[in-house]
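Student: Two chains, two frames, a set of hints: combine them into the complex.
Here the protein sequences line up with chains A and B, keeping their order. Going by numbering that gives the first Met the number 0, 234 is the number at position 235 of the first sequence; the sequence numbering is gapless. Going by numbering that gives the first Met the number 0, 183 is the number at position 184 of the second sequence; the sequence numbering is gapless.
Incorrect hints may have been included.
[What the hints assert, rightly or not] Some chain B residues near chain A, calculated using beta-carbon distances under 10 Å: (1) GLN63; (2) SER166; (3) GLY175; (4) GLN185; (5) GLY273; (6) VAL281; (7) GLY282; (8) ILE313; (9) GLU316.
Worth flagging that the hints you see were computed from the coordinates, not collected in a lab. Glycine residues also receive a C-beta, built at the ideal position from the N, C-alpha and C atoms.
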Amino acid sequence: MKFTSLLATAAMALGLATGAMAQDKTKVGFVYVGPVGDGGWTYEHNKGRLAVEEHFGDKVETVFVESVPEGPDAERVMTQMALEGADLIFTTSFGYMDPTINVAKKFPKVKFEHATGYKTAPNVSVYSARFYEGRAVQGTIAGRMTKSNVVGYIGSYPIPEVIRGINSAFIHARKVNPDVQFKIVWAYTWFDPAKEADAAKVLIEQGADVILQHTDSTAPQAAAQAAGNVITFGQASDMSEYAPMPRVSSIIDNWAPYYIARTQAVMDGSWATVNTWDGIGAGMVGIGEISDAVPAEVKAEALALKDAIASGSYHPFTGPLKKQDGSDWLAEGETADDGTLAGMNFYVEGIEGDIPN
Amino acid sequence: MIVLEKRPQPSRAWSMATPLVAVLATMFFGGLLFAALGKNPVEAIGTIFWEPLFGEYAFYYRPQLLVKGAPLVLIAIGLSLGFRAGIWNIGAEGQYIMGAIVGAGVGLAFYPMEAFYIFPLMVIAGALGGWAWAMVPAFLKVRFGTNEILVSLMMVYVAEQLLASMSLGLLKNPEGFGFPGSRNLQSYASAHNAELIEGTGMHWGVVAALIAVIFAYVLLNRHMTGFHIRLTGEAPRAARFAGVKPARLILFCLGVSGALAGLAGLFEVSGPSGQVSIDFNVGYGFTAIIVAFLGRLHPVGILLAGGLMALTYIGGEIAQGSLGLPAAAIQVFQGMLLFFLLALDLLTNYRIRAARKEVA
Chain A
0 MKFTSLLATA AMALGLATGA MAQDKTKVGF VYVGPVGDGG WTYEHNKGRL
50 AVEEHFGDKV ETVFVESVPE GPDAERVMTQ MALEGADLIF TTSFGYMDPT
100 INVAKKFPKV KFEHATGYKT APNVSVYSAR FYEGRAVQGT IAGRMTKSNV
150 VGYIGSYPIP EVIRGINSAF IHARKVNPDV QFKIVWAYTW FDPAKEADAA
200 KVLIEQGADV ILQHTDSTAP QAAAQAAGNV ITFGQASDMS EYAPMPRVSS
250 IIDNWAPYYI ARTQAVMDGS WATVNTWDGI GAGMVGIGEI SDAVPAEVKA
300 EALALKDAIA SGSYHPFTGP LKKQDGSDWL AEGETADDGT LAGMNFYVEG
350 IEGDIPN
Chain B
0 MIVLEKRPQP SRAWSMATPL VAVLATMFFG GLLFAALGKN PVEAIGTIFW
50 EPLFGEYAFY YRPQLLVKGA PLVLIAIGLS LGFRAGIWNI GAEGQYIMGA
100 IVGAGVGLAF YPMEAFYIFP LMVIAGALGG WAWAMVPAFL KVRFGTNEIL
150 VSLMMVYVAE QLLASMSLGL LKNPEGFGFP GSRNLQSYAS AHNAELIEGT
200 GMHWGVVAAL IAVIFAYVLL NRHMTGFHIR LTGEAPRAAR FAGVKPARLI
250 LFCLGVSGAL AGLAGLFEVS GPSGQVSIDF NVGYGFTAII VAFLGRLHPV
300 GILLAGGLMA LTYIGGEIAQ GSLGLPAAAI QVFQGMLLFF LLALDLLTNY
350 RIRAARKEVA
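For reference, chain B alone in the conformation it holds in the complex (with noise of 0.2 Å):
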């Protein structure tokens, strides 16, 4: 027999492991199921993670890593701050929506006028539009006890409705013939989210990703604020006498993780993609869920877990172009890495022991 036995506290050893652990069994079982699919599992794996770092063509794909990676860290910083204190924001990709929108409306309004204040301007815009998103759920919490993961999730179907209605109305290209979608922000110089150096694949979404990382760890180890996150989540009643006030918490943690969700839409929209349009969210929001867990809710593992889960992507698509591994296999394969992630969890709070059997 084997039982599970709680561990007094979380192991950190296995805190740390953990997340090695998980990806070295989603190679493993990965590998199983490439296999299954009639591919050779070691070139496979190979090609999903020595591809885009080293393989011949890395000089490409590695600044793709950061255009990648960036909004994925940008948006789980900022949930795993919440995360931290038991506030669940599930809509950042609502807020990656509205962000985009907000920022790329200011941008569009001044066309075709060139002026170094835009950009700035579109940033600020970003960052309100997402935080204005995220202050639905977070006032709708305070004020009537409503579920925020409920709330914010509902949020992003309603953005989603925006977003289709903004690429075929209010903001779609009046010389675009009819069809939908914004004009292109890459070619109007003074909105334009450039690469800072060419070819380095860094913009301005990936400066602002490093300065939130930096920014949390601060937050979180240097600050009251910090520490009252860090106390609700672990210690909820403690933290009522210590003082915290939950309402502005809810409100801090949520508009935090809103407006960094709205900027990383914003950088988007003004970078790498370059206009509204209707399909313009691919799934970022959702996906640094997943790395704020990935990343054990710590803003360098988050910055880490970023790049692991860009890379996926990446190695992903070179394994399909390249070895025909279908789409839907590289999408269990990263579903793998979560699975196995938060089964291992398991390890940091209990400890697995052989039990004695014991004589009747």
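Same shape as in the complex, but just chain A (with noise of 0.2 Å):
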């Protein structure tokens, strides 16, 4: 009887102690799809979460729960930090939209933030950023440095995301190289050390010299490296442990300005439901240091377009295009829609092969 009543004393004197905190700090909770250290995806948004923490000091407290897996188990994780009294919470994958929607639905105070996403609610944020702006200089790269005019690239999953990214690589380096042919792998799979080795493996032997990732893992770098002459470019992270070859340079994704600014807002009051989608010149998209592997005047034209996208007066998706069937997508100076982009599913003309599903 005594130890029971001590117990609830306790429990309510940390119940109380923890609302008090809670007054002064802003609880800002991350759910992460794989693990903290993966070196790409999840570890750049947990970068984020540490900028939170270092712009904010103490008036703010992170929270977060690595590899947790998408559907109920993501539920649960959102309810335990809305219940423990985060404010804020960013779900870091695609596969936590429904989920998010859900628990939002339960707790109408608390702020959502879903990556990558497009079910909003009063208060359900989306923000993803715009990848593809990066691939149209790393297409350039690519095209500019390949001898055997063929580049490889290990796809995940045949959605609109990885195909946008294959297209504007595909653009801008045959904008260079006429010649350029892409050869597509897709390893089903955002994280698999193991797969993205042996689909860069055999990109290489079916004459690749350049590989495109949009897998996590530094496998693919690894697996070039060891074959030697073959260039990659690091994703999500820098990867810079394989500059300056392979990793010729890196589509880096910077959420910290992001997580700051929505931090920010909800200490503000001025949280409101936005539909974000930032690139280069927001800074959300990074490109990493272009290496000395590089030749000076590729490394010089690469940047001008980083800056021609960055400022706004060149976007990666320019008429006049045309779809892979030959049907007309773009007229001359016409740029694509952010609807017609959100949902890609075709390939642009001159790319080989089919997009599976």
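Tutor: The structure is reproduced here in structure tokens:
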């Protein structure tokens, strides 16, 4: 009897204490799909979380749960965060979309931010990055650097996000090198070092001397290093440990500015539902240091393209462009609208092979 | 010198006690692990085992224990029948996926029609999907003598590829803007495996798991097939003399475990999960193997083991969120549980003795 009442008092005291703390601090939760040490996608989101902590210091408290499967487990983790007083929760994988909406309904006062999805609510915003802008820069370097004119591409899943990247890289590789061909391998995973390494080896055996990847591990970098004379690009994270060769540059997800801005908005009470899709200009997509393995004039060309995209004077999907089947897509000078880009399910003219489904 | 001496008969007392001792050992060594990571071990263990049941938010976590535990128990019950007879179905994960795909497929085929018979049809289809997937290793074993461990495991990878294909192709939500994943069955009333009583976590999968426990108990203790299963596992030669037909037993055990895994998948996809998606499966089929052994292949034991496993999952997540423990530490903790259980199993069959030094 005594023991239980003691516990009850302790629990109450604890509850009061955390309640009081929650008053002063803004609590921000992060739900990760992979381990924070994946070196790619989740690693960068976690860097964003650390940036929030550093920026606000004592004014915030952040919590995170890693390797959360998409589905009911994610729903439970989000609910747990909301119950324990989180004011703002970032859910950082596409598969968290429906769970985020479900939990948001139950906690109307908690703000939710879902990465890469499309469902919003009064307390749910969505955000994503225009990685295809980085792919344009990557494609330019790839087109210039390839000697075999074969560029290998490791796709994860045939979804709009990935197809957009392939198209953007291809368009810009072709622009500087009309003979370039893309060989695409679908790994059907976001993170599986063994499969990614196999895919890279297959592509290299088929003559590719540039490997682009839309998967998160550094295994393709290692495979390229072992093969020699093959160049790669860091994906999601800088992967600079493979510079200057094979990694000649990278596309870096930089979530920190967004996470800081949204946390600030919650503190100010100015948070509102938004649909954010930022690119190089806003700093959400970064281009990693272009290494010395790239000739100076190619580097200059790539950086000029980057600047043009950043300033908004150039859109990576500018006509004239045709679809793979030869039908017209964009007329001369026309740029793609976001709706088409968001649901992109076709290759542009010149890419060989079909999108699997 | 310490020697192991084989017991003439497995010790009943140790057989009952090892799961408890294993849990205690896991708590102790897990505590050391957490301490090494710089966390208060008592607080960490307390968070994992206490918070979900009696903590401040237990009203939310208790129903979640049912949601998490039900598929584990349902699958483990099926597996335990085969395991008792020495028939090793390692591919429950694949059968779980197939149950979900086939069951959800039947439901989605009716969309947007509303009718009372849709959900029952999905349940039947889910069970058949899992059953059919398990029949592949069963048939190959009976007909060609292949190893069911390998075949059933390989079939998991085939099922995973099929799941990805379904999420991106045939079952993809036509209103999903080209993104992968099926329609959400939670918003399709006739196909939704909703909570039977709001806020309790009780859905049809939980009911099915409880029925499976009772069914397995009766089967093993009161039925000829159950007797044959036990006999084959304990004394294969005697079983042959008693007229047990091995082929029939293989088909039965793999079939039942496949059907139950399929049911678990169906109840999950139509309820807590809601949609067929690329990463729908989260390892219930493999974790259920641990649950089956943790529960000593006994129906009631499995029920308790499923609850315990669910507790470590949910408590583990809480510990991650509130104490900042890494996910890997929680996984090591769960791994320890099986490790200690298997290690301590030795005591069931062997006695530890201090051997007297022999004079040369």
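Student: Evaluate each hint against the coordinates.
Tutor: Here is how each hint holds up against the structure:
1. GLN63: With a minimum Cβ separation of about 6 Å from chain A (threshold 10 Å), the hint on GLN63/B holds.
2. SER166: 9 Å, holds
3. GLY175: Status holds, d = 9 Å.
4. GLN185: This interface hint holds because 8 Å falls under the 10 Å limit.
5. GLY273: Holds, about 6 Å.
6. VAL281: Because about 4 Å separates VAL281/B from the closest Cβ in chain A, which is inside the 10 Å limit, the hint holds.
7. GLY282: GLY282/B check passes; min Cβ-Cβ to chain A is 8 Å, inside 10 Å.
8. ILE313: Holds - the Cβ of ILE313/B comes within 10 Å of chain A, reaching about 7 Å at its closest.
9. GLU316: For GLU316/B, the interface hint holds, since the closest Cβ of chain A sits about 6 Å away, which is under 10 Å.
Checked against the numbered hints given earlier, the structure satisfies every one of them.
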